[in-house]
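With the hints as extra help, turn the sequences into a complete structure.
Residue numbers (my numbering), protein chains in the order written: chain A, 336 to 523; chain B, 32 to 462.
Don't read these hints as lab results, they were simulated from the structure.
Positions of the beta carbon are idealized from the N, C-alpha and C atoms, including for glycine.
Do not take every clue at face value.
As the list claims (entries may be wrong) - Over the 10 angstroms line for every Cβ pair with chain B, so calculated as not near, a few chain A residues: (1) Val343; (2) Leu348; (3) Gln423; (4) Pro424; (5) Ala426; (6) Ala428; (7) Glu436; (8) Val448; (9) Asp458; (10) Ser460; (11) Leu461; (12) Gly476; (13) Ala499; (14) Arg508.
As the list claims (entries may be wrong) - Covered stretches of chain B, as calculated for chain A (at least 3 residues, CB under 8 angstroms): (15) 60 to 69; (16) 168 to 179.
The primary structure of each chain is shown beneath.
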Amino acid sequence: MAEIKDNVTRRQLLRTGCYGGCLAGLGGLAGLLAAKSRAGDTVWQIDPYICIACGNCETHCVLEESAVKCVQVYEICGYCDYCPGFHQPGAVALDTGAENELCPTGAIKRKFVEDPYFQYDIDESLCVACGKCVKGCAAFGNGSLFLQVRHDRCLNCNECSIAAACPSGAFKRVPADKPYLLKRVENA
Amino acid sequence: MRLLPHTIIAVIALLNLCAPASAELLFPPPEFESGYLMPSTTTPHPHQDVYEYVDVAVLFVALSLASYIVLKKRSRRATFVLMILSLIYFGFWRKGCVCPIGAIQNVVLSIFDATYAVPIAVLLFFLLPLVFTLFFGRVFCAAVCPLGAIQDLVLLRPASVPYWLASGLRVLAYLYLGLAVLFAATGSAFLICRYDPFVAFFRFSGNVNILIIGVCFLLVGLFIGRPYCRFFCPYGIILRQLSRLSKWQVTITPDECIQCRLCEDSCPFGAIRSPAVQWPAVEYDKAKKRLAFLILLMPVLILLCGWTGSRLKNVTSRMHPTVRLAERIYLEEAGDVNDITDPSTAFRATGETIESLYQRASVIRERFTLGGWLLGAFLGLVIGVKLIAVSVWRKRTDYEADRAGCLACARCFKYCPRERLRLSKTKKEFR
Numbered sequence: 336m337a338e339i340k341d342n343v344t345r346r347q348l349l350r351t352g353c354y355g356g357c358l359a360g361l362g363g364l365a366g367l368l369a370a371k372s373r374a375g376d377t378v379w380q381i382d383p384y385i386c387i388a389c390g391n392c393e394t395h396c397v398l399e400e401s402a403v404k405c406v407q408v409y410e411i412c413g414y415c416d417y418c419p420g421f422h423q424p425g426a427v428a429l430d431t432g433a434e435n436e437l438c439p440t441g442a443i444k445r446k447f448v449e450d451p452y453f454q455y456d457i458d459e460s461l462c463v464a465c466g467k468c469v470k471g472c473a474a475f476g477n478g479s480l481f482l483q484v485r486h487d488r489c490l491n492c493n494e495c496s497i498a499a500a501c502p503s504g505a506f507k508r509v510p511a512d513k514p515y516l517l518k519r520v521e522n523a
Numbered sequence: 032m033r034l035l036p037h038t039i040i041a042v043i044a045l046l047n048l049c050a051p052a053s054a055e056l057l058f059p060p061p062e063f064e065s066g067y068l069m070p071s072t073t074t075p076h077p078h079q080d081v082y083e084y085v086d087v088a089v090l091f092v093a094l095s096l097a098s099y100i101v102l103k104k105r106s107r108r109a110t111f112v113l114m115i116l117s118l119i120y121f122g123f124w125r126k127g128c129v130c131p132i133g134a135i136q137n138v139v140l141s142i143f144d145a146t147y148a149v150p151i152a153v154l155l156f157f158l159l160p161l162v163f164t165l166f167f168g169r170v171f172c173a174a175v176c177p178l179g180a181i182q183d184l185v186l187l188r189p190a191s192v193p194y195w196l197a198s199g200l201r202v203l204a205y206l207y208l209g210l211a212v213l214f215a216a217t218g219s220a221f222l223i224c225r226y227d228p229f230v231a232f233f234r235f236s237g238n239v240n241i242l243i244i245g246v247c248f249l250l251v252g253l254f255i256g257r258p259y260c261r262f263f264c265p266y267g268i269i270l271r272q273l274s275r276l277s278k279w280q281v282t283i284t285p286d287e288c289i290q291c292r293l294c295e296d297s298c299p300f301g302a303i304r305s306p307a308v309q310w311p312a313v314e315y316d317k318a319k320k321r322l323a324f325l326i327l328l329m330p331v332l333i334l335l336c337g338w339t340g341s342r343l344k345n346v347t348s349r350m351h352p353t354v355r356l357a358e359r360i361y362l363e364e365a366g367d368v369n370d371i372t373d374p375s376t377a378f379r380a381t382g383e384t385i386e387s388l389y390q391r392a393s394v395i396r397e398r399f400t401l402g403g404w405l406l407g408a409f410l411g412l413v414i415g416v417k418l419i420a421v422s423v424w425r426k427r428t429d430y431e432a433d434r435a436g437c438l439a440c441a442r443c444f445k446y447c448p449r450e451r452l453r454l455s456k457t458k459k460e461f462r
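Pasting the structure below:
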């Protein structure tokens with residue numbers, strides 16, 4: 336009787352089959368997904384037209400100091416003397432007195448430009464992304480103050496903790512080469 | 032003409048409609064006279080994409096090195112050094128994100144969500160360890176995964192967990208994997224990222240509850256080797272199955288097993304199985320009947336678990352923000368609650384009708400019915416296979432590392448006298 340050269344057992348055959356199947360499966364998955372993938376990474380950003388400035392950005396970021404900050408788009412700003420994003424409602428005087436300021440950390444800086452206009456800047460080292468000024472500016476002003484993820488601070492977590500807590504679904508994945516969603520004059 | 036007033040109204044209405052598009056600000060920006068230059072908003076850039084590919088390259092090099100060290104060089108010390116380096120790079124330097132464990136969800140989401148495309152770097156992070164496992168066993172777990180490394184470091188006095196208990200606890204990992212896939216596929220949440228117990232250590236900041244869970248894992252990890260890896264890690268489940276088929280595999284002895292039993296207790300992860308003796312004939316007959324019963328039980332288990340999973344759709348679908356919102360709005364509309372929440376405020380500001388929200392939510396909930404069936408059936412299958420696995424006799428002649436459970440940590444090598452002989456020989460050759 337002729338001797339069987341390769342002593343292939345059933346178990347070995349099964350194993351080889353599974354092995355080939357796994358390799359083919361991984362290859363297939365890679366091919367399928369490679370066709371539907373993007374070369375660049377995505378980053379998190381807030382759509383300012385959806386954001387309701389609820390204040391979750393201040394408290395839900397994994398960083399001690401949130402990666403979200405308020406930004407000012409100067410093209411939209413009205414440079415008002417009374418700024419609803421800067422002043423307390425019913426402020427005693429329209430000046431930089433602490434009792435008149437809305438921002439709890441004094442992160443908005445008011446600078447005289449020319450009568451009767453004032454420039455408002457955000458000091459990002461002080462801003463905590465509470466969104467109080469955003470609400471004020473959106474309610475009674477042009478809405479030039481709004482929240483954005485600052486990418487020099489953001490860790491770009493796979494699931495953003497703020498996004499998970501965002502009540503309006505304003506957090507989006509955007510392409511890393513266009514990482515900001517700034518308001519524009521034509522949409523204001 | 033009676034039509035004229037209507038026409039005028041229509042024109043005004045049209046103009047009003049166009050208004051938002053034509054830069055109509057409440058307080059138009061002033062025309063400055065003092066030559067004032069308007070500053071522009073700063074937009075600091077994120078990490079460049081290049082770094083993503085650097086990460087992939089580092090991952091590839093680390094996996095290759097780990098395979099060489101574990102299989103060829105057979106050195107625990109080198110494995111340990113590589114493990115520390117990986118912990119520093121992937122953990123503390125890159126802050127533990129993105130990792131292959133979490134990448135499961137990106138891959139699943141991109142399969143089910145037409146609008147989401149997985150970045151190539153993330154896809155490679157998911158695939159590379161799988162491919163390496165298929166060739167060399169779980170070298171990723173051994174020396175590359177930062178989550179494994181941080182647990183391996185704190186392992187002080189390993190206690191052994193009985194095989195049946197470890198096998199039972201592992202059902203949790205299958206459940207975790209199944210839920211993570213379900214929630215990622217429905218676009219609800221990235222469960223693995225949300226409950227990553229060690230990422231808070233890597234960042235020195237994060238959610239307090241998660242930090243507490245992480246501390247608990249490390250405390251348990253003092254006595255039970257790598258509890259997260261063995262009983263919870265969803266990626267570990269995939270690696271286990273691929274490792275069963277791997278082309279090369281860790282062997283305790285470099286050549287032949289002399290049955291000295293010195294390595295028996297060396298594995299802190301319970302992956303060394305002792306040789307199994309043939310069962311006595313009486314036992315064997317009983318086992319045959321049991322096997323037949325378990326095989327018949329399998330479809331019952333699958334159907335039962337699947338049915339349970341689908342019945343839980345009201346609970347599981349609550350993970351999806353839209354379903355949560357719809358339930359909240361329903362309560363508010365019914366007058367069962369008096370306050371309003373941020374999500375409901377945000378929803379009412381959009382002007383979408385409540386009916387259309389309910390519509391969207393019920394579509395999503397239906398997906399959870401099917402998802403629940405699949406998840407439950409998967410778990411039923413797992414439990415069925417596990418029951419069969421603990422009740423059949425498998426021939427084992429040598430002390431060998433369980434192909435699936437072996438984390439390739441290289442601890443057992445030095446317990447083997449054959450290994451010592453090999454090392455002394457190589458030393459002599461050097462002289």
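Now for the hints, and whether the structure bears them out:
1. Separation of Val343 of chain A from chain B is adequate, the least Cβ-Cβ distance of about 16 angstroms exceeding the 10 angstroms criterion.
2. The Cβ of Leu348 of chain A sits about 13 angstroms from the closest Cβ of chain B, beyond the 10 angstroms cut-off, so the non-interface label holds.
3. Chain B leaves Gln423 of chain A outside its interface by the beta-carbon criterion, the shortest separation being 19 angstroms against a cut-off of 10 angstroms.
4. No Cβ of chain B approaches the Cβ of Pro424 of chain A within 10 angstroms, the least distance being about 17 angstroms, so the stated non-interface status holds.
5. Its beta-carbon lying about 17 angstroms from the closest one in chain B, Ala426 of chain A satisfies the requirement of being farther than 10 angstroms from that chain.
6. Distance check for Ala428 of chain A against chain B: the nearest CB is about 20 angstroms away, which clears 10 angstroms, and the non-interface claim stands.
7. In this structure Glu436 of chain A is separated from chain B by more than 10 angstroms, as the shortest Cβ-Cβ distance comes to about 20 angstroms.
8. In this structure Val448 of chain A is not separated from chain B by more than 10 angstroms, as the shortest Cβ-Cβ distance comes to only about 5 angstroms.
9. With a minimum CB-CB distance of about 12 angstroms to chain B, Asp458 of chain A clears the 10 angstroms threshold, and the non-interface call stands.
10. At roughly 13 angstroms, the least C-beta separation between Ser460 of chain A and chain B is larger than 10 angstroms, which holds for a residue marked as non-interface.
11. In this structure Leu461 of chain A is separated from chain B by more than 10 angstroms, as the shortest Cβ-Cβ distance comes to about 15 angstroms.
12. With a closest Cβ-Cβ approach of about 6 angstroms to chain B, Gly476 of chain A is found to fall inside the 10 angstroms limit, against its non-interface label.
13. Not every CB of chain B lies more than 10 angstroms from the CB of Ala499 of chain A, the least distance being 6 angstroms, so the non-interface label is violated.
14. Look at Arg508 of chain A: its CB is around 7 angstroms from the nearest CB on chain B, not clear of 10 angstroms, so calling it non-interface is violated.
15. A stretch counts as covered by a chain when three or more of its residues have a beta carbon under 8 angstroms from one of that chain; for the region 60 to 69 of chain B and chain A the count is 7, and the coverage holds.
16. Closer than 8 angstroms: that is the beta-carbon criterion, and the region 168 to 179 of chain B has 0 residues meeting it against chain A, so the requirement of 3 is violated.
The structure fails to meet hints 8, 12, 13, 14 and 16 from the earlier list, while all remaining hints are met.
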